[in-house]
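Asks: Protein chains in written order, with the working numbering: chain A, 1 to 314; chain B, 1 to 314.
It is possible that some hints are incorrect.
You can't tell identical chains apart in this list, so a pair holds if it fits in one copy or across any two.
[Claimed, not checked] Here are the simulated EDC-like cross-link-like pairs (lysine to aspartate or glutamate), alpha carbons at most 16 Å apart as the crow flies: (1) Lys267 x Asp49; (2) Lys226 x Asp270; (3) Lys281 x Asp171; (4) Lys84 x Glu63; (5) Lys84 x Glu32; (6) Lys17 x Asp223; (7) Lys53 x Asp223; (8) Lys53 x Glu63; (9) Lys282 x Asp171; (10) Lys226 x Asp38; (11) Lys281 x Asp293; (12) Lys4 x Asp171; (13) Lys219 x Glu290; (14) Lys103 x Glu290; (15) Lys267 x Asp171; (16) Lys4 x Glu23; (17) Lys103 x Glu63; (18) Lys84 x Asp223; (19) Lys98 x Glu230; (20) Lys151 x Glu23; (21) Lys282 x Asp293; (22) Lys298 x Glu173; (23) Lys84 x Asp206.
The hints are simulated quantities; they were obtained by calculation from the structure and are not laboratory data.
2 protein chains.
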Amino acid sequence: MSGKIYVGVDMGGTNIKVGLCDENGQLLQTFEGPTGSDGSEAVLTRIADYVRKIVADSPYEWEQVAGIGAGIAGFMDIPEGFVKLSPNLGWRNVPVKKTLEAKLGKPVSIDNDANVAALGEAWSGAGAGIPNVVCYTLGTGVGGGIIINGKIYQGSTGMAGELGHMSIVPDLEAINCGCGQVGCLETVSSATGIIRMANDAVVRGDKTTLSLIENITAKDVFDAAKSGDEASLRIVNRAAYYLGRSMAVLAVIVNPQRFVIGGGVSKAGDILFDPIREIFKKYTPEAAQEGVDIVPAKLGNDAGIVGAAGLNLR
Amino acid sequence: MSGKIYVGVDMGGTNIKVGLCDENGQLLQTFEGPTGSDGSEAVLTRIADYVRKIVADSPYEWEQVAGIGAGIAGFMDIPEGFVKLSPNLGWRNVPVKKTLEAKLGKPVSIDNDANVAALGEAWSGAGAGIPNVVCYTLGTGVGGGIIINGKIYQGSTGMAGELGHMSIVPDLEAINCGCGQVGCLETVSSATGIIRMANDAVVRGDKTTLSLIENITAKDVFDAAKSGDEASLRIVNRAAYYLGRSMAVLAVIVNPQRFVIGGGVSKAGDILFDPIREIFKKYTPEAAQEGVDIVPAKLGNDAGIVGAAGLNLR
């Protein structure tokens, strides 16, 4: 097989997923192995082994590897490839790029997990072929990534694309966010936010079928809403409302051609997407809506591997 | 005199201002002449004459002119240099770039007035030497420009940086904006918005010294606030509040090092800037505040000429 190949590494606390992509971001092969908890040096040696193994097991030669990328949850110096803190991995001050480059003799890049998932979708997922895309990942929190001209936009200090921490909830209904501020999008539009609103509704005695459920999940809320439970529908609409308003703001700042929404919460489908689109339309100047669409992500859990592989595209 | 020079044109409905800048964005010389209302062809011929004249009257040679830029209020196709509609100039479908390049034999670029003012401040004004800057122009409306790596960021369809049309006012207090949407920043933080809130206060009988003034201006409101008029102070704080919240959002999207605020309203000084800074601090995650400042513009009315000259920087 000819052509360059790119290796992506999705570093989770329990397992490490590795994937091979071709020059078009097509995922050719994957491998998954344990992360281990024997310290960063041992984990990085293991990653290097996994990377060599996936290439050895493929129809490609090591020489064809154009670069290796890794998506990591945590705070990092992206240009230096240095992880300052990853609570997930239990790492502090780990020179990932330098260490892996020494072990593998190939260019290594790292970025945070939300940016990497955004790049994956932009490269060969729901944003393929579109230069400017904003991606949301709706999970425990609200992650985000801004892709400009096919590249992750980092901003001055790597804080660009922290969509979950856009403070857009009005004071009257704002609550504290884990980030230390108030009114962040994440407080209402993440799974955690949806569950909180559901528990609040039950506790205050709202008439809702959710009161029959122990340990309410975000999926329970969407299911109840689909069955016509009014309290659940209000919660879903509130989560969608602030997503739509955040996109209306992004439309006149980033002015992307497309918004991509992924993550577990996005699986709710039309009941979430319809009100998002309606609110976006209501609050965005017409000229900034033209040709802009809001679509579900395509790559699912693979977005992280694909995007990590794409970090070394030049 | 050696070195390249750049010519900037600020096209107003009544007068055209032309300026010469050196390679560092220093304004060397200016000239102002009437726009005329004899049609776009005649006006463009006049502009070409003004450009030749300012260079001829300077210690520079025509050969040193590296490019000519023009800032225009209106809708345009920026890459094509084509003005679709400028109500201000009474123009529709005018090929400015093509026409001026034919007349002058030099590269010509155009952009909208708010973007051009932002570029001027970023080049040699309050944002000099800083790669990523967001500039607000608070006048009749709220204009804006986003500078990334020293260049105007346009977005997919030229709608990026329309800061006045970030819809961030909550529904309960939102009003319609001229753009057709609701809750835009411009409805509260422009001179027009401030005057509207002042007139509302007078009409509803609030106890305020503004009730003694005929034709209230934004400056009247700031002056009254400085003198301790509570209704005026509430209005100023409201204008500042939404500016601060819009910057908190931009801090996690664009993640600039600096916000620059210019335009007539910005002359109010600390009474406006202090609450903006306070609100920004309150609603922005700490990591996105680090090293970020909010400062007044420096170039005043010259920002437009300087930024227009800077459009041809490569």
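Asks: Output the indices of the hints that this structure fails to meet, ascending.
Replies: 1, 4, 5, 6, 7, 10, 12, 13, 14, 15, 18, 19, 22 and 23
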